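Asks: In case you want the letters, here they are:
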Amino acid sequence: MKAPHDEADGRSRPVPAGREQEARAVSGRGSRARTVRTGGGLSVRVDVRASAVVVLLLVAALTASVVLIGTGDFPIPAGDVLRTLLGDGDAGQEFIVNELRLPRVLVGLLVGAALGLGGALFQAVSRNPLGSPDVLGLGQGSTAGALVMIVLFSGSATQVTVGALAGGLVTGLAIYVLAWKKGVHGYRLVLVGIGVSAIVTAVNGYLITKADLVDATRAVVWMTGSLNGRDWSQVWPLLGLCAVLVPLVLGNARALRTLEMGDDVAYALGVRVERTRLVLMVAAVLLTASATAAAGPVGFVALTAPQLARRLTRSPGPNLVPAMCMGATLLVVADWASQRAFGADQLPVGVVTGVLGGVYLLWLLVTERRAGRI
Amino acid sequence: MNAAGSTGTGSGDGPHMTTRPHTTTRPHTTTRRSAVDRLSAENVTLAYDQRVIAEQLSVGIPDNSFTVIVGPNACGKSTLLRALSRMLKPQRGRVLLDGHVIQSMPAKKVARTLGLLPQSSIAPDGITVGDLVGRGRYPHQGLLRQWSAEDERIVRESMASTGVAELADRYVDELSGGQRQRVWIAMALAQQTPLLLLDEPTTFLDIQHQIDVLDLCAELHEERGRTLVAVLHDLNHAARYATHLIALRDGSVIAQGAPADIVTAELVEEVFGLRCQVIEDPETGTPLVVPAARRSRTAAAPVAVAEG
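For the record, the sequence lines run as chains E and C. The working numbering puts the first residue of the first sequence at 1, with every later residue one more than the last. The working numbering puts the first residue of the second sequence at 1, with every later residue one more than the last.
Simulated from the structure, these hints should not be mistaken for laboratory data. All values derive from a computational prediction rather than experimental measurement. Incorrect hints may appear among the rest.
Said to hold, decoys possible - Restricting the straight-line Cα-Cα distance to at most 20 Å, the calculated cross-link-like pairs of lysine to aspartate or glutamate (EDC-like) are:
#, chain 1, residue 1, chain 2, residue 2
1, C, K109, C, D98
2, C, K108, E, E260
3, C, K109, C, E150
4, E, K181, C, D49
5, C, K89, E, D264
6, C, K108, E, E274
7, C, K109, C, D37
8, C, K109, E, E274
9, C, K109, E, D264
10, C, K89, C, E150
11, C, K89, E, D80
12, C, K108, E, D264
So here's chain C without its partners, still in its complex pose (with noise of 0.2 Å):
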């Protein structure tokens, strides 16, 4: 087991610990030319209706990494997951894929070239494993191309890779919450696009699932070179997964970069409002957020902070 992200980028100088200089409160905003990463927002202004999101957020998408995004709730994580893939068109500001403004291209392009697995998708009644994941193949056919010798191989593949194979003949509604995950992810597979958005995919499932959905992520961006982009709740799997972290709140980037570099007890409370100390993770030497009792909260809370 090799998870991705334990080593991040960090710059070798071992564990780190509550203690490590903060040194600004928005160390890691510049730290990436966007105009290199293949897919970036700039300076867009998020808004459903009136009710603005985010204003001028700059962020880009570092190529080949596992970004994860995080935030408390309602910071405006996945209204820019929705701008990055196009389905939230930005007020102000533009989101760039490959260097062109993602709205202005072909529909069917920016499905061969980006995925997204969203929050909510329906399983249409009485359709099986193998045909949903099939219809992955849609940007990739046309009314005379409807089904390939390449198509049938990349569905198999996929199916494969995501370890449903063998539930291929299964209607999707007869699975559990964490085999009908695999096979929506195994449809976003099945598109083939070299980056790939996932809305908080371990959402609803039970731990063993989470991880299970995790370490899958963590295979394509390590095997297969897929550059993934997650919303994630749990900031402990984000920190031992992602190779790129941004933290938002409030619809501004508080701090983005490897998880061992940016994720400190004052990052989390700034961004969580929560005190704790991060220790290392036994398992990967990633950080670890260990909130702090309550008791330790209420009354002596800059102690807990202190002692690390």
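For reference, chain E alone in the conformation it holds in the complex (with noise of 0.2 Å):
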């Protein structure tokens, strides 16, 4: 009974009779997967070059940081910086990094991680990358209910902020209620994400149309996305929010990983689906709306950040921990570069990862191509 198996296909190598292949680990290519198992039959699975990826942008997205702070109109080194960080600095020193500077990387730091969290996230459920929060609609979405507070209510910058969020709620929403049928399923997500998307840019563009000239400019400024004069009241909180929702999220990963190979595999596993997929959507939403309610719509990260992370890490699956921390240290390394560039507070950090992500994008579409995906 054995043999038709071995010899089914010319395609698999010939293998001699042994069974030397059964010693081998099982865990896909080789040794990249550890497992911790402890006496009272507790086991925890690493992946060893994903946890490499996740430190090293750790490490890039914390230098990256310590630089920012050091950059600006009155530069500090870095030595100086990471003395004022703990708390033994001078007093001008320490007015400038902790006051003026830090929160602004902090709300840096968290706004990119919540993008590539919910990126990865949406990419994950629709099964495609084009299913980011970018392309469906949520950040215009956030645009529009900052608009309605900039331009019909000449709102203070609190209500703007609450109108994005609202914004962005209600779009999510909107989205995951038109795309129901029998359950979400990945096109019909995406493509409804465009549609509302189509629209929602189409009232924007309206409201624009209605505002004056000084609500106009400080729509436009909005809505490229920028990290310019934000404090602690933006810090607390996102950083609130994001300890309540990335362990809910990543509590919820392995069953996402199982809704990767189709719901009806995911069934057959074990996984309640429709449950699974409206927790993480909603946590998506609530992550990318806040995340877009403090910095406005930054461009292209929560497209790019999982899909760079997946390449990085190589693995498959979501990748959820290094799409967040990509995005973190792609959204400081846009910020430092814009500032660097053109000086500070002169290029919105928005301007700059939608040009790093179209060229990600366009390096990602010849790319795939090559490889005879697309």
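Both chains come to you apart, so use the hints to assemble them.
Replies: Shown next, in the form of structure tokens:
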């Protein structure tokens, strides 16, 4: 009974009858995954390469943060930045570092992480790299909320933030409801999202034409996405939200991995498909909407961070943690690049991430076509 | 080579010819008490939205059988399988697994008892065979029990018994269709369920790989004591491999039982609307359906049947 299987396919390598294959690790590419087991029957599996990528990205993000804090009209050497952060700097530096620049960098890190994670979730749920929040119209939804506050009510910064948050949440809900047809399916989600995005973009265009010059300028600055002038009042809500949502999402990560293989397989493996998807999409919408409310619709981070992370880790699956770290790194580096090249507060970070993202997307398409996938 | 179902539960009266009396139109619908079986559907009405596929359908899957569901396209075969695997909730009636309504059971518990190889499955980009098969362990794992030594052992065994062990480090996208199907079966095996449902496991495979997959199923059934339920298109494959055959048409069971007992020219014509002869398979002695020639089907059809 065994023979037909071994010889069944001309493409399988000819294998001698020995059993040595069975001794090899079965966990994919050789020694990549390490398993830690305790006596009590607990076991945790760690992907070595993915962990290395995460560590490197964290180092890069923190280094960029320190450099970014030192950058500006009043440059501070990295050593002084570190000393000040540890509570040992002089008073002047302490004010600049802790009150002006640190919150901005923290907002950048949190926004980047939230967008990276939200993007990874959306792409995994829709099983489509284009199923990211920017494409689905969540950014536009937040923009609409913000524009309503700016243009119609000339609202304060706080009101604009609330408006953006509400706009993002309402758009997310609308997409989910419209895409619902005995469950939400990938293609439908993307197509409905693109449709919603087109409608909301039209509304945004209309709102801009209704605005007077001052409001219109403010609106355009908000719409490019910027970290200028962010302070601690933006840090805390974001931090709190991430502290709740990140563990929730990571707790569902294993179920999400089975969803990648199709709803039927996930069902067969005992995943409550629709519930998992709802929980993760609500989390993703919250993450994206609050990140957008804090920094404006920073383009392309949600789209590119998960894809870049995945190419670095070279492992299948949603790569949630690497995507999160990649998002944070990308945003801080982009912020630094925009300040470095054009001077502080000159160019909104959204412009730089847009350029980075655009170049990346083209690179992705070119290489994927070479690999024969598209 | 001992093909499964070569003997069936034949009553010992030798080969079955087309002249075999076909006593009633629904001879075997009540042969099984569903309460005995681990998996059964009781008076289920199955529908997608408003489109009703089957009404008042009752089916029992005999324990330790290799049950094959056959029937023409759109007769509800796959729908029935979806209901049995709790992916489709019956509008009326219930599906019972070990005496419990399947929808009321915890999802992971069901997944440790009943496995399913669906038609539509997606191999994630860049996944290796070993990784994919390992994902079949999901219902046995938890946040703090991610990869036990047992998981490792069972994945290795599943790959060995489906003949894909040597492919463990290959990417699934590089494999041929036959190899890929064996990998998915290995994943379903790694789930270690006493019951395994397969939705058209041989579709899109060439004949060699079809037989290969069916041999594997027979081996799982005979040597590992799994209860298998498969939807198959090919009636001759079904008759050769099944120990229990369920013939469906328009959402109702036309006949069920051992292939040797129920596969007759009359049944084939009733279920598939095809005139044919049923002869003895020279290899296994199971019924072999030979469609009538085109001319005799169109002109002198009744004669062809009577001649046997």
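Asks: The structure should be examined with respect to each hint, and the outcome stated for every one.
Replies: To see whether the hints hold, each was checked on the structure:
1. C/K109 x C/D98: 11 Å, holds
2. C/K108 x E/E260: 18 Å, holds
3. C/K109 x C/E150: Roughly 18 Å between the alpha carbons, so the hint for C/K109 and C/E150 holds.
4. E/K181 x C/D49: 10 Å, holds
5. C/K89 x E/D264: This hinted pair holds, its Cα atoms lying about 14 Å apart.
6. C/K108 x E/E274: 15 Å, holds
7. C/K109 x C/D37: Roughly 18 Å separates the two Cα atoms, so the pair holds.
8. C/K109 x E/E274: 18 Å, holds
9. C/K109 x E/D264: 17 Å, holds
10. C/K89 x C/E150: Violated - the C-alpha atoms of C/E150 and C/K89 are around 33 Å apart, more than 20 Å.
11. C/K89 x E/D80: With Cα atoms ~65 Å apart, C/K89 and E/D80 exceed 20 Å; violated.
12. C/K108 x E/D264: 14 Å, holds
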